Every structure is written in structure tokens, then in C-alpha cells.
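Peer 1: Sequence:
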Amino acid sequence: MRAVLLSGGIALVLSLIGTPLAIRILVKRGYGQLIRDDGPQGHHSKRGTPTMGGAVIILAALLGYAGAKAITLERPSASAILVLYLMAGLGLVGFVDDFIKIVKQRSLGLRAKAKLAGQSFVGISFAVLALQFKDSRGVTPASTHLSFVTDTALDLTPVVFVIWAYILIAGHSNGVNLTDGLDGLATGASVIVFGAYTFIGVWQHGQSCAYVSSASSACYDVRDPLDLAIVAAAMMGSCFGFLWWNTSPAKIFMGDTGSLALGGALAGLAICTQTELLSALIGGLFLIISLSVIIQVGFFKMTGKRVFRMAPLQHHFELKGWPEVLIVVRFWIIAGLCVILAIGIFYAGWVTGK
Numbered sequence: 001m002r003a004v005l006l007s008g009g010i011a012l013v014l015s016l017i018g019t020p021l022a023i024r025i026l027v028k029r030g031y032g033q034l035i036r037d038d039g040p041q042g043h044h045s046k047r048g049t050p051t052m053g054g055a056v057i058i059l060a061a062l063l064g065y066a067g068a069k070a071i072t073l074e075r076p077s078a079s080a081i082l083v084l085y086l087m088a089g090l091g092l093v094g095f096v097d098d099f100i101k102i103v104k105q106r107s108l109g110l111r112a113k114a115k116l117a118g119q120s121f122v123g124i125s126f127a128v129l130a131l132q133f134k135d136s137r138g139v140t141p142a143s144t145h146l147s148f149v150t151d152t153a154l155d156l157t158p159v160v161f162v163i164w165a166y167i168l169i170a171g172h173s174n175g176v177n178l179t180d181g182l183d184g185l186a187t188g189a190s191v192i193v194f195g196a197y198t199f200i201g202v203w204q205h206g207q208s209c210a211y212v213s214s215a216s217s218a219c220y221d222v223r224d225p226l227d228l229a230i231v232a233a234a235m236m237g238s239c240f241g242f243l244w245w246n247t248s249p250a251k252i253f254m255g256d257t258g259s260l261a262l263g264g265a266l267a268g269l270a271i272c273t274q275t276e277l278l279s280a281l282i283g284g285l286f287l288i289i290s291l292s293v294i295i296q297v298g299f300f301k302m303t304g305k306r307v308f309r310m311a312p313l314q315h316h317f318e319l320k321g322w323p324e325v326l327i328v329v330r331f332w333i334i335a336g337l338c339v340i341l342a343i344g345i346f347y348a349g350w351v352t353g354k
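Counting from 1, position 352 in the sequence shown corresponds to residue 352 in the numbering used here; the numbering is continuous, with no gaps.
Calculated directly from the structure, the hints in this document are not laboratory data. Incorrect hints may have been included.
Per label pair, the in silico range of CB-to-CB distance [to be verified]: (1) Pro249 - Val159: 32 to 40 Å; (2) Val27 - Ile124: 33 to 41 Å; (3) Thr352 - Trp244: 27 to 35 Å; (4) Ala66 - Val128: 23 to 31 Å; (5) Leu277 - Leu131: 15 to 23 Å; (6) Val160 - Lys134: 14 to 22 Å.
For clarity, every value in this text was computed on a predicted model and none was experimentally measured. The beta carbon of each residue, even a glycine, is placed where N, CA and C say it ideally should be.
Generate the whole structure from the sequences, applying the supplied hints.
Peer 2: Laid out in C-alpha cells, this is it:
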């Protein structure tokens, strides 16, 4: 438990201190955000704001986790290392994308095929590795069984699991990416989401099948739940620190570097804590915003008409005249309500032993 607090605290401090340093470096090098011409007109005032700030989130989380382990003299677990690998790997893909945008002065970075290839390599390699590294009980970081609040009876088989894991990773990373359109929106929602996974990891540790007899009580057969809570706490702390500088008016943007990394961390935690389907509700705001894009594109292709004034959903409300801060705070409330409902379902699953 001490490591959970240390991880979050170290990441928070490093992010708070590191973000203004990153702002100065990025401003000096002229690494500013480009704004698409087809976006809301009010966003053009944000042109030139430093981007790629997600690198600070990634580094703060990695150092927060490493610092907690060093202080407590505990060895890192396979589950935690794999989730951090997924986060950092997708963050690297996003970093390359952001860097190309800045260097070539265009609003689109990596070509679609190159970006997909990078995401696919990181996601698939994570899924394959997550089925390795058995502990003394023979439990691996991930399970081939489809999971909701814990594993279900449906065994996907290794091949289908890898495909499912990749879909989950792509969905969450792109969901956070689509949400990252207003100052502090994705960062604040991520704080809430990773707070939920900190709780889930701690709870699963207390009710682990390694300590609780499955014959007498409900338990969780998760490989490294407490270490996953340490990772989630590090992510929450780094996002908290970044939010101080990213809230409206933002002094720095996370860019694809941050949004892909955060989505990857969410997917990794979902897979390793056996809450894959529940993660759709935990990250409910990201799902809602993703669905708004799917609905908009699909309806337009079928009818030639639009459901929303603009997609993703937050831009629809911008064009309706809602102030940016109002949209962000109300969307944070939606994210919080989704997490509360998800935690309630998670707890109910433990009570009923399912």
C-alpha cells in the first residue's frame, strides 16, 4: 500500500515540476500545435501552444513507478512492466506522429498505414507477451478468457485473445485521442479513470485467490493486482500534475504522444485486471465520444446529413455556443458518473461471487 501512495506522489511532483520545464524547451524550439482549418474557429487562437506534453506524463509515470519500487525495495512484476511497455510504446508512436506534424508544418503527421503499423506492433506484442510469464500459481498477466468484472467462462483461445486485445487497445487509445480536443478534457477524465483502476487493483489484492480460499469466498485470480494499482496510481499522479498546466487556458497540449499512451495504459490495465468489458464503462466518456464520431460518419455516408453540428461530440456543443470550460467540467461529471457506476457493478460482482 505504501508503494501505491509513493508511486502517485512521486509522479505528481515530477509532472508538476517537469511540465513547465517542457513548456520552456518546446517554446524555445518552436514546437507548437497546428490547428486544422476544418475545426472550430475558436481553436485558431490556440495555434502555437506547445505540444507533445504527453512525454512528461509518460516519464513521470515511469519514474513514479520506478521510484516507488526503489524505495520499498520490491521487484517489478511482469504485469506492471507489460502495461508500462504498452503505454510507452504507443506514446512513442504518438511522439513520432506529433514530431512529423511540427517539422513538416502540417496538421496530419504519420501516414495512416505507418501509424497503424506502429500501433499494431506494440499492441500485438503486448498481447502475446501477456500470455507468458507464469507465476508460482501458474497465472499469467492476461487470461484468454473474456472478462467483465472478472474472467467469464468464455475461452477465446490464444489467437482470438490477441485479436480481441488489439481491438481493445486500438479502441481505448483512439477513444482518448478523440477526446483530447478541449483544454484539460482528456487529462481530467484520465485522472478519474486511473483512480478507478487504483481502487480495483488494491481491492483485488485484498481479495486475491493467493490469500483467500476460493472455496469459502469470492476471490480474484489476477497475477499482480497490487503492482497494477501502483501503475494506475503513477498514471493518475502524472495526469494530475499535467492537468495543472493543461487546464483552460492550456499552456501545453499532450498531443498524440499523451493520448495514445493514456489509452494504451487504460487497455493494459483492463486486460491485466480482468475487467475488459467493464473498461468500456470505466472509460465511458471516451466511448461516448468515439460513438459520436462513428454515428456522424455512418449517418452522413447513408443519408448525406449530419446528426451533430461537428464531431467529436465536444465540438458539437462548442458550435452550440457552450463555453469551453463548461463543456469540460460537464464531461468530467459524465466521466465520474460512469466510473461510479462501473465501481458499483464491480463491487456487486464480488458480493455475488461472479
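Peer 1: If a hint holds in the structure, say so; if it does not, say that too.
Peer 2: Evaluation of the provided hints:
no. : hint                        : verdict
1   : Pro249 - Val159: 32 to 40 Å : violated (48 Å)
2   : Val27 - Ile124: 33 to 41 Å  : holds (37 Å)
3   : Thr352 - Trp244: 27 to 35 Å : violated (41 Å)
4   : Ala66 - Val128: 23 to 31 Å  : holds (25 Å)
5   : Leu277 - Leu131: 15 to 23 Å : holds (19 Å)
6   : Val160 - Lys134: 14 to 22 Å : holds (20 Å)
Comparing the model with each numbered hint stated earlier shows that hints 1, 3 do not hold.
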